[in-house]
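Chemist: Sequence:
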Amino acid sequence: MGFYYSEKYHNTDYYRKKKKVFHFSLDYAINMISSKPSPDEFVLTEENNSYLIKSLKRLNKKERSIVSFKYGAGLKNVEIAKLMGLSESNVNIILYRSLKKLKKFLVSGGFKYE
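This note's numbering numbers the first residue of the sequence shown as 52 and each following residue consecutively.
Keep in mind that the hints were calculated from the coordinates and are not lab data. It cannot be assumed that every hint is accurate.
[Unchecked claim] Calculated pairs, DSSO-like style, for lysine-lysine (alpha carbon to alpha carbon, straight line, at most 30 Å):
1. Lys152 with Lys108
2. Lys87 with Lys112
3. Lys155 with Lys105
4. Lys127 with Lys154
5. Lys133 with Lys155
6. Lys151 with Lys127
7. Lys112 with Lys127
8. Lys121 with Lys155
9. Lys108 with Lys151
10. Lys121 with Lys152
11. Lys151 with Lys121
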């Protein structure tokens, strides 16, 4: 019985290809270690949440409901249409216009994109 010899097992390129390397940015690693926001991030998040709540209140009930179903509950437009008794295209239009209004309200209210 002899030793089985294969070029495949003695080729360093073979092992290099099989080697798995993961690259992480320093920011990603820090976020993994410290998931708590810094005081500055916390204040900014709180301010932005406040602007968002005020802006959402400026939408009418139907617009608010559609935005809530879409982004709060994660429903698809077809599902929202069935729930609200609307056509899917109507939901698309209302959602588009509502998000446009929200953006306008947020920007005028001092919302910070970061």
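Chemist: Next step is simple, just say for each hint if it's right about the structure.
Modeler: Against the structure, the hints:
Restraint check for Lys152 and Lys108: satisfied, since their Cα atoms lie roughly 11 Å apart, inside the 30 Å limit. For the proposed pair Lys87 and Lys112, the alpha carbon gap of about 35 Å is over 30 Å, so the pair is violated. In summary, the hint linking Lys155 to Lys105 is supported, as the alpha carbons are separated by about 12 Å, within the 30 Å threshold. Distance restraint check for Lys127 and Lys154: the Cα-Cα separation of roughly 21 Å lies within the 30 Å cut-off, and the hinted pair is therefore satisfied.
At most 30 Å may separate the alpha-carbon atoms for a hinted pair to count; Lys133 and Lys155 meet this at roughly 29 Å. A distance of roughly 19 Å separates the Cα atoms of Lys151 and Lys127; the hinted pair therefore holds under the 30 Å criterion. Taken as a hint, the Lys112 and Lys127 pair is honoured in the structure, with Cα atoms around 19 Å apart against an allowance of 30 Å. At most 30 Å may separate the alpha-carbon atoms for a hinted pair to count; Lys121 and Lys155 meet this at roughly 19 Å.
Taking the CA atoms of Lys108 and Lys151, the gap is near 15 Å; set against the 30 Å cutoff, the hint holds. Between Lys121 and Lys152, the direct Cα distance comes to roughly 16 Å. Compliance with the 30 Å bound is thereby established for this hinted pair. At most 30 Å may separate the alpha-carbon atoms for a hinted pair to count; Lys151 and Lys121 meet this at roughly 15 Å.
Of the hints listed earlier, the one the structure fails to meet is number 2.
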